[in-house]
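Peer 1: Here is what each chain is made of, one letter per residue.
Number of protein chains: 2
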Amino acid sequence: MNPVPNFSKGQPFDGTTGVLPAIAQDAQTGRVLMMAWMDETAWQETLATGQAVYFSRSRGKLWRKGETSGHRQSVVEVRVDCDADTILLQVQQTGAACHEGFASCFFRVVDPNGTATIADERLVDPATVYGKK
Amino acid sequence: MNPVPNFSKGQPFDGTTGVLPAIAQDAQTGRVLMMAWMDETAWQETLATGQAVYFSRSRGKLWRKGETSGHRQSVVEVRVDCDADTILLQVQQTGAACHEGFASCFFRVVDPNGTATIADERLVDPATVYGKK
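Protein chains in written order, with full-length UniProt numbering: chain H, 1 to 133; chain Z, 1 to 133.
No lab work stands behind these hints: they were computed from the structure.
There are no misleading hints in this set.
Partial list, computed: chain H residues near chain Z (C-beta under 10 Å): (1) V19; (2) E77; (3) I87.
Pairwise CB distance ranges (calculated): (4) H:R122 with Z:K61: 38 to 48 Å; (5) H:T117 with Z:S74: 14 to 24 Å; (6) H:D120 with Z:A127: 34 to 44 Å.
Even for Gly, the Cβ is constructed at its ideal location relative to N, Cα and C.
Please put together the full structure from these sequences, using the hints given.
Peer 2: In structure tokens form, the structure reads like this:
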């Protein structure tokens with residue numbers, strides 16, 4: 001069983017440069033939905049289209065959120081932090097933000113002993129969204 | 001004037017390894033307050049003490065939030081995301097989360113043209129917290 005959180009997944013990012021963390025928050029509920037990464041192209045396309053576009057580090061290319069699943073994020077507001085190195089999006093989320101079918105990727109609570117427990121209900125079956133593997 | 005966001009501040013992190021993004025959200029208001037980084041030591045100390053502890057990449061050491069300013073974060077809930085590589089804290093924030101004296105580090109809204117505007121009120125004068133420089 002993998003440790004939670006898994007610090008072996010920390011930096012470095014296989015040489016990826018020029019990407020910043022982008023947090024998506026549900027504009028209605030305030031729920032933090034996910035955190036992904038944006039390069040400058042993803043940022044510009046997000047501003048221009050009003051749809052959240054990220055940079056997939058694992059695939060090494062733009063990730064237009066919802067392109068496969070239909071679970072798009074319509075951007076309501078964009079903020080940057082004091083150091084201008086983190087992005088916060090307020091979004092209207094269609095369907096489930098998480099590829100595992102949960103409303104938010106943060107569906108697990110960790111207790112003080114470090115034990116993670118699923119605390120949310122799955123909204124959709126990932127197999128119906130992405131196809132069975 | 002620096003670009004907003006500033007993608008030149010993206011990866012790599014000067015060789016820092018094993019740190020994960022940690023988002024702090026106000027447990028009462030739902031406001032996203034800041035994003036910082038945790039290494040495993042910071043994570044374990046956060047769980048053990050119930051106070052948010054981060055890893056400062058710029059200083060290369062543990063950052064016990066509020067140690068200088070008194071603006072501590074008492075941890076109400078800890079979550080991890082689906083990939084176990086991002087941490088979400090619900091916190092009770094004392095004072096201002098941002099070192100610039102704002103409640104949240106995300107005090108600037110960016111319009112579709114890329115122009116950033118301060119949208120919040122400053123809560124405290126940083127000079128009174130950190131001393132004049």
